[in-house]
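Protein chains: 2
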Amino acid sequence: MELTYHFRDPSLAILALTHRSAGKPNNERMEFLGDALLGAIVAEMLYETHPKASEGEMSRLRAQLVNGQALAEMARELELGDRLKLGSGELKSGGFRRDSILADAFEALVAAVYLDGGFEACRQTVRGLFADRVTALPRSSKDPKTRLQEWLQAEGWPLPQYELVGSEGEDHARIFDVNCVVMEPMAITAAGRGSSRRLAEQDAAEMVLSRLLDTRDSP
Amino acid sequence: MELTYHFRDPSLAILALTHRSAGKPNNERMEFLGDALLGAIVAEMLYETHPKASEGEMSRLRAQLVNGQALAEMARELELGDRLKLGSGELKSGGFRRDSILADAFEALVAAVYLDGGFEACRQTVRGLFADRVTALPRSSKDPKTRLQEWLQAEGWPLPQYELVGSEGEDHARIFDVNCVVMEPMAITAAGRGSSRRLAEQDAAEMVLSRLLDTRDSP
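Protein chains in written order, with my numbering: chain A, 1 to 219; chain B, 1 to 219.
This is chain A alone, in the form it adopts within the complex:
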């Protein structure tokens, strides 16, 4: 893998590869900007390639593509480790191999391309880097009820209950309200709605899944 972008101002690329252990200025502020740009550009890719995916599904797919480990891997493919500027302590302890330092440098480099060449240059660069990974994503993923069930089973937790709460509207346009309830080991109830009971259940399962995943991600 190769960075196809050529910097007009190479000092931006150097700053992007300067870890905070090397002093100031360093890539920390750029990392903030790059992380946000990466999130937006990959969001757009998924929006295009997964026209049927729900918001929650796209959000999970993005987390699969854009996380510390995945970005560190991409940084290694770009051989950023060799070009990092590290303080002497990090150098001795092999900081150039550490996932978090590599991932941060990758994000900062995305910001550097933006600052140097503008959004379209940054977008094309990111799209190029992620193209194969996006193509490799599952096209049609399993429905939320199935995914929730598999997730709970993998954890050895009891399966959820679906409760019909009510329905409203005329017969030809009825809307169903369903709760999905997980009791153990933590109590989660989420409401879903849809034009059929099954769709309302899928909707509620999706909500529970995203709450479970949020809980998992938090420190």
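These are calculated hints, taken from the structure and not from any lab test.
Predicted model, so just to flag it, every value in this text is computed and none were measured.
A few of these clues could be false.
Since copy identity is lost for identical chains, a pair holds within one copy or between any two.
Said to hold, decoys possible - Listed below are the simulated DMTMM-like cross-link pairs for lysine to aspartate or glutamate, each with C-alpha atoms no more than 25 Å apart in a straight line:
#	residue 1	residue 2
1	Lys92	Asp177
2	Lys142	Glu120
3	Lys142	Glu90
4	Lys142	Glu55
5	Lys145	Glu2
6	Lys24	Asp82
7	Lys92	Glu77
8	Lys24	Glu55
9	Lys142	Asp177
10	Lys85	Glu163
11	Lys24	Asp132
12	Lys85	Glu155
13	Lys24	Glu170
14	Lys92	Glu168
15	Lys85	Asp177
16	Lys52	Glu73
17	Lys24	Glu79
18	Lys85	Glu170
19	Lys24	Glu2
20	Lys142	Asp171
Got chain A; can you put chain B on it based on the hints?
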């Protein structure tokens, strides 16, 4: 406040204002894209206006500008509530006044501008909408040690301890390692480093602050 952007394809604006209670297609997928774009464009604004702010500080400032309540307020100023497309249930229960529905519509509208007019149009629109709010942000915020202390005092928690762990490097380029330790009501230790003991303490305090805030935000 007014949306200065005029849609070439008004159906995108209508879709952005269609809540899922009105059926499919609705604005949920657009909301995902809009949320990401908003994050990137506001990140860039803060990157420019707060050249001294750390990553953690910019991240907190952004959360102050881009959150459900703030976006709902902006949606109200744009009078989006009157133009929302809601299902009959949400209509009856006053969904057009609900923060989450309004904030989602605002985010979706940002995506609609992007899809209709491209990044530069979206960026200018968002910058116009956020300009006054960004200007109103505190310019030079307090240092992390002060903010951590104030935060802990506001909660009635004991103050943190700073421990010098060590230092390395030649005298003219010494790097200090410091731990910031919060014991109660939850134990948090974070490492910081810097070219002086004070800077290392600020760095460690910043880490503890962001972990405390992360904990607070999680469900």
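With 25 Å as the alpha-carbon cut-off, assign the pair Lys24 and Glu55 to within, between, both or neither. Between copies, since 13 Å is at most 25 Å while 39 Å is not.
Could you place Lys92 and Glu168 in one of the four classes (within, between, both, neither) given a Cα distance threshold of 25 Å? between (66 Å within a copy, 11 Å between copies)
Checking an output row: Lys24 and Glu170, CA cutoff 25 Å. Within, between, both or neither? between (65 Å within a copy, 17 Å between copies)
Intra/inter-copy verdict for Lys142 and Glu55 if alpha-carbon distance must be at most 25 Å: Classified as within: same-chain Cα gap 14 Å, cross-chain 37 Å, threshold 25 Å.
When no copy is named, should Lys85 and Asp177 be tagged within, between, both, or neither for a Cα gap of at most 25 Å? Classified as between: cross-chain Cα gap 19 Å, same-chain 56 Å, threshold 25 Å.
Evaluate Lys142 and Glu90 at a C-alpha cut-off of 25 Å and name the case that applies: within, between, both or neither. neither (43 Å within a copy, 29 Å between copies)
Alpha-carbon proximity context of Lys85 and Glu170, limit 25 Å: The answer is between: 18 Å across copies meets 25 Å, while 66 Å in one copy does not.
Between copies, within a copy, both or neither: which fits Lys142 and Asp177 at Cα up to 25 Å? Intra 22 Å, inter 48 Å, cutoff 25 Å: intra-copy only.
Can you give me the call for Lys85 and Glu163, within, between, both or neither, at a CA distance of at most 25 Å? Neither way: Lys85 and Glu163 sit 57 Å apart in one copy and 27 Å across, limit 25 Å.
Can you tell me if Lys52 and Glu73 fall within 25 Å by alpha carbon in one copy, between copies, both or neither? neither (29 Å within a copy, 30 Å between copies)
Alpha-carbon proximity context of Lys92 and Asp177, limit 25 Å: So Lys92 and Asp177 pass the 25 Å test across copies only (15 Å; inside, 59 Å).
Between Lys85 and Glu155, at a C-alpha cutoff of 25 Å, which is it: within one copy, between copies, both, or neither? For Lys85 and Glu155, neither the intra-copy (42 Å) nor the inter-copy (40 Å) Cα distance is at most 25 Å.
Hint compliance for this structure: hints 2, 3, 5, 10, 11, 12, 16, 19, 20 are broken, all remaining hints hold.
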